[in-house]
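Residue-level listing of the chains:
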Amino acid sequence: QKEVEQDPGPLSVPEGAIVSLNCTYSNSAFQYFMWYRQYSRKGPELLMYTYSSGNKEDGRFTAQVDKSSKYISLFIRDSQPSDSATYLCAMSAEDYKLSFGAGTTVTVRA
Amino acid sequence: DVKVTQSSRYLVKRTGEKVFLECVQDMDHENMFWYRQDPGLGLRLIYFSYDVKMKEKGDIPEGYSVSREKKERFSLILESASTNQTSMYLCASRSRENYGYTFGSGTRLTVV
Numbered sequence: 001q002k003e004v005e006q007d008p009g010p011l012s013v014p015e016g017a018i019v020s021l022n023c024t025y026s027n028s029a030f031q032y033f034m035w036y037r038q039y040s041r042k043g044p045e046l047l048m049y050t051y052s053s054g055n056k057e058d059g060r061f062t063a064q065v066d067k068s069s070k071y072i073s074l075f076i077r078d079s080q081p082s083d084s085a086t087y088l089c090a091m092s093a094e095d096y097k098l099s100f101g102a103g104t105t106v107t108v109r110a
Numbered sequence: 001d002v003k004v005t006q007s008s009r010y011l012v013k014r015t016g017e018k019v020f021l022e023c024v025q026d027m028d029h030e031n032m033f034w035y036r037q038d039p040g041l042g043l044r045l046i047y048f049s050y051d052v053k054m055k056e057k058g059d060i061p062e063g064y065s066v067s068r069e070k071k072e073r074f075s076l077i078l079e080s081a082s083t084n085q086t087s088m089y090l091c092a093s094r095s096r097e098n099y100g101y102t103f104g105s106g107t108r109l110t111v112v
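Protein chains in written order, with the numbering used here: chain A, 1 to 110; chain B, 1 to 112.
Hints were generated in silico from the structure; no laboratory data involved.
Just so you know, not all the hints are guaranteed correct.
Residues of chain B placed beyond 12 Å of chain A at every Cβ, according to the derived structure [stated by the list, open to error]: (1) Q6; (2) R9; (3) G16; (4) Q37; (5) D59; (6) E62; (7) Y64; (8) S67; (9) E69; (10) S75; (11) L78; (12) L90; (13) V111.
Distance condition first, Cα-Cα at most 25 Å in a straight line; then the derived BS3-like pairs of lysine-lysine [said to hold, decoys possible]: (14) B/K70 to A/K97; (15) B/K70 to B/K53; (16) B/K55 to A/K97; (17) B/K13 to A/K42; (18) B/K57 to A/K97; (19) B/K53 to B/K18; (20) B/K18 to B/K71.
Beta carbons are placed, not taken as given, at the ideal position from N, Cα and C, and that holds for glycine.
Model the full structure from these sequences, guided by the hints.
So this is what it looks like as structure tokens:
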């Protein structure tokens, strides 16, 4: 079993829809949770960062962490074609190493 | 703008060659990482470095080595390239104060 599970999709939505992405994990020591966005032929870029449980909002993006269920989510409201990318969840414990999900490919249709 | 720069975007090498992938960061970050990214497998950690001249094995170090002689530079070495090392290689760095990584644009390596 992988330490971090993420449905690879692909996910296709119309412009303006809400995109819902999620990951589950098995390591209860994970404390730091991140979402990265990766455009084609580019490196991942940090999108959202959350420590421990709770919600965090940044513009059209909301990240949620439920440590009791070992489940994290990313919501994108009012999705735009420019949101089309691969979204990677990532998490770590009190060390330096991030564990990544496999990534979900999202296409927002104009 | 802060940057992690990988020396090559695309490389084609022959089986058995020794391959060097270079990564330079300009953010004075202590920690640097090498990942490979394959479809369906996500990012897998090959090696990382806490600081200059320090290195630790990641999850898939076999067939690879690394060098960190200067703080800004972290090199990945494929001792004898094989076809199963065809992949996208990503370098990243982070400071001790911030858990977010900054990634380079990647090197797509093809071993023929």
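Hint-by-hint comparison with the structure:
1. Q6: Non-interface label on B/Q6 violated, nearest chain A Cβ at 8 Å vs cutoff 12 Å.
2. R9: Nearest chain A Cβ is 8 Å from B/R9, so the label is violated.
3. G16: Answer for B/G16: holds, closest chain A Cβ roughly 28 Å.
4. Q37: violated, 8 Å
5. D59: violated, 9 Å
6. E62: Nearest chain A Cβ is 18 Å from B/E62, so the label holds.
7. Y64: With a cut-off of 12 Å, B/Y64 remains clear of chain A, as the shortest Cβ separation is near 16 Å.
8. S67: The assertion about B/S67 holds, with a minimum of 18 Å to chain A.
9. E69: holds, 20 Å
10. S75: With a cut-off of 12 Å, B/S75 remains clear of chain A, as the shortest Cβ separation is near 17 Å.
11. L78: The claim stands: B/L78 keeps its Cβ more than 12 Å from every Cβ of chain A (closest is about 20 Å).
12. L90: Contrary to the label, B/L90 does not stay out of reach of chain A, its closest Cβ about 6 Å off (not over 12 Å).
13. V111: holds, 19 Å
14. B/K70 to A/K97: holds, 21 Å
15. B/K70 to B/K53: Measuring from Cα to Cα gives roughly 8 Å; hence the hint holds.
16. B/K55 to A/K97: Holds: B/K55 and A/K97 sit about 13 Å apart, inside 25 Å.
17. B/K13 to A/K42: The hint holds at about 21 Å.
18. B/K57 to A/K97: The hint holds at about 11 Å.
19. B/K53 to B/K18: Judged against 25 Å, a Cα distance of about 21 Å means the pair holds.
20. B/K18 to B/K71: holds, 23 Å
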